[in-house]
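Starting from the known structure of chain G, fit chain H onto it as the hints suggest.
From first to last, the protein sequence lines are chains G and H.
Read left to right, the first sequence gives residues 680 to 1000 (our numbering).
Read left to right, the second sequence gives residues 51 to 282 (our numbering).
Be aware that one or more of the hints could be misleading.
Here are some chain G residues pointing at chain H (derived, C-beta under 7 Å) [what the hints assert, rightly or not]:
#1 ASP698
#2 LYS699
#3 VAL700
#4 VAL701
#5 GLU715
#6 THR735
#7 ARG744
#8 LEU767
#9 ALA771
#10 MET776
#11 ARG779
#12 GLU780
Simulated from the structure, these hints should not be mistaken for laboratory data.
From the three backbone atoms N, C-alpha and C, an ideal C-beta is built for every residue, glycine too.
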Amino acid sequence: MSTPPIVAEGLVRHFGSGDKVVKAVDGVDLTVNNGEIFGFLGPNGAGKSTTVRVLTTLLKPTAGRATVAGYDVATQADMVRRSIGVALQDAAIDPLMTGRELLALQSVLYGLPKARATSRGDELLERVGLIAAADRRVGTYSGGMRRRLDLALSLVHEPSVLFLDEPTTGLDPMSRLTLWEEVRRLNREGTTVLLTTQYLEEADQLADRVAIIDHGHIVRQGVPRDLKAAVGAPTLLIDVAETQASAAREVLVRFGDLRPTSEGTLGVGLREGASAVAAVIRALDDATIHVRHLELNEPSLDDVFAEATGHRLEGAEAPKQ
Amino acid sequence: MPAAFVPSMVMPVFQLIAFSGAFGAAVKFAGIKNAMDWYVPLNAVQGASFGAMGVSFGLINDMQTGFFDRLLMAPTKRWSLVVGPMAGALVRAALPIVLVFVVGFIGGMNVPGGPMAFVTIVIAAIGIALVAAAFALGLTFRMRNMGAATLTQFAVFFTIFLSTSQVPLAAMSGWLHAVARMNPMTNVLRLARQGLLGDVTWSGTWGGLVALGGMLVASTWFALSGLKSLEK
Chain G
680 MSTPPIVAEG
690 LVRHFGSGDK
700 VVKAVDGVDL
710 TVNNGEIFGF
720 LGPNGAGKST
730 TVRVLTTLLK
740 PTAGRATVAG
750 YDVATQADMV
760 RRSIGVALQD
770 AAIDPLMTGR
780 ELLALQSVLY
790 GLPKARATSR
800 GDELLERVGL
810 IAAADRRVGT
820 YSGGMRRRLD
830 LALSLVHEPS
840 VLFLDEPTTG
850 LDPMSRLTLW
860 EEVRRLNREG
870 TTVLLTTQYL
880 EEADQLADRV
890 AIIDHGHIVR
900 QGVPRDLKAA
910 VGAPTLLIDV
920 AETQASAARE
930 VLVRFGDLRP
940 TSEGTLGVGL
950 REGASAVAAV
960 IRALDDATIH
970 VRHLELNEPS
980 LDDVFAEATG
990 HRLEGAEAPK
1000 Q
Chain H
51 MPAAFVPSMV
61 MPVFQLIAFS
71 GAFGAAVKFA
81 GIKNAMDWYV
91 PLNAVQGASF
101 GAMGVSFGLI
111 NDMQTGFFDR
121 LLMAPTKRWS
131 LVVGPMAGAL
141 VRAALPIVLV
151 FVVGFIGGMN
161 VPGGPMAFVT
171 IVIAAIGIAL
181 VAAAFALGLT
191 FRMRNMGAAT
201 LTQFAVFFTI
211 FLSTSQVPLA
221 AMSGWLHAVA
231 RMNPMTNVLR
241 LARQGLLGDV
251 TWSGTWGGLV
261 ALGGMLVAST
271 WFALSGLKSL
281 EK
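Bound-form chain G, shown alone (with noise of 0.2 Å):
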């Protein structure tokens, strides 16, 4: 059985030191296996982004080994960056050159000889569709025509594992959408794909399987199904007045556990599942609560999310499309 293209075992990387250590990924462990989209979903700080910069070589892991395309990140970096195609959160491109540019100048840096450079590049920006916009200056595309560029630039020397760090921040839901399919067809021709993302949609939606990371740990593994089966009951979001939150508490209590919500809104897991809609509203109104208004969520992955840490994630929610 060949080795899995990613493998972290008690991967550790820490900033500063003494009292003022930061412990940005603290015993990770995760495998990412052939052929799948692996998303590694989490909050702003959570330690995804210095995951990614130790795995793709930019940073040494304090304690722990990972693997890439079979070579240690630690000792054989030099063979981890040839499998590897890296687009980080902030598209790192030139601004004064133009997209060609910048992929001739990649195909340099990866040793590809020049008639191959030309006419890979000219196959990636048809692919990324920015074929007609390949010999103007990128500081006149748009966000999402960098991001595309990014991916391509990414693909220059066909990787076998392909590191996608946030690739839909900032990007407009058409944007988005672009990408995503890229992704997917990219998956699909054999390209192994780590995705980080703060939005639960795209992790839902790409991901084969994910990892969800909260201050340095993984609090949850798995296939997005099974995790959101695990929470179990449907979420009953209700928003009441302030002054009668805690009597509702006392209501909603009755029909499941109370779960994290956002601020000002109260959550409650249906033992029953939907069928308690009614039951807990006949409730409300006889405590005489006046409900300002109430939805019912099937298990999400913020749930999930919110199940694991105890709190939700912020800004999850992917623009609406």
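Just chain H now, with coordinates in the frame of chain G:
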């Protein structure tokens, strides 16, 4: 970008004219016929070093935009990320050297050492440019902000001005004399000046070459170890 080149080209020319005018009488007192003969090598060396330090600004920009991460993730030899910018620094250094020569000719500088006089000035200026660039890279890798460029300018400025940059060693006294005597820049300036003050000789050359070699090894090590520190 012009903003990166123009100051490093204008400053040495401005200083050459200003120093020659202001301190011309002082160096003539030391037996030098034309102040240009004394200041052209100094300003070529200083202009080249300040031009070369511009690599720091480019590197800071690349680090802040994330472009340097792209270079770090490429399967290239790590030393090429130091040697590449140093080679770029040579281009930045060449322009002020040429400009200073032109102004020197216009100002009537003497060249008793013949063509070798220019060879030694160029060796000294290029050598110091490489040292300044490597030092700038080392500091920038460690500090990762604009402070690195400012500190590099201070360091190079003091190294140059605590040597025989303004007056000959014989005209100095006290601590300044002691510092200038120990300062490797004094040997580099001797190497650069010899062809404009007399003949180019081996005795006037080897000290400067040793000083340049030592500084280049130390500053390149500083740059390479700084690059390594980015991963820590």
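Restraint: VAL700(G) near chain H, CB-CB cut 7 Å. Satisfied or not?
Given a least distance of 14 Å, the restraint on VAL700(G) is violated.
Does the nearest C-beta of chain H fall within a distance shorter than 7 Å of the C-beta of THR735(G)?
holds, 6 Å
Close enough to count: is the Cβ of ARG779(G) nearer than 7 Å to one in chain H?
violated, 16 Å
Hint status (Cβ of LYS699(G) to nearest Cβ of chain H, threshold 7 Å):
Violated, because the Cβ-Cβ distance from LYS699(G) to chain H comes to roughly 15 Å (cut-off 7 Å).
Take the shortest C-beta to C-beta distance between LEU767(G) and chain H; is it under 7 Å?
holds, 6 Å
A closest beta-carbon separation below 7 Å is what the hint needs, so does ALA771(G) meet it against chain H?
holds, 3 Å
A closest beta-carbon separation below 7 Å is what the hint needs, so does GLU715(G) meet it against chain H?
Check failed: Cβ of GLU715(G) comes no nearer than 22 Å to chain H, outside 7 Å.
Holds or violated: is there a CB of chain H closer than 7 Å to the CB of MET776(G)?
Since chain H brings no Cβ nearer than about 10 Å to MET776(G), farther than 7 Å, the hint is violated.
Under 7 Å is the threshold here; is the Cβ of GLU780(G) close enough to any Cβ of chain H for the hint to stand?
This interface hint is violated because 13 Å lies over the 7 Å limit.
Supplied contact hint for ASP698(G), tested at 7 Å Cβ to chain H:
violated, 19 Å
Holds or violated: ARG744(G) as interface residue toward chain H, Cβ cutoff 7 Å?
violated, 15 Å
With a cut-off of 7 Å on the beta carbons, see whether VAL701(G) makes it to chain H.
violated, 14 Å
Comparing the model with each earlier hint shows violations of hints 1, 2, 3, 4, 5, 7, 10, 11 and 12; every other hint is respected.
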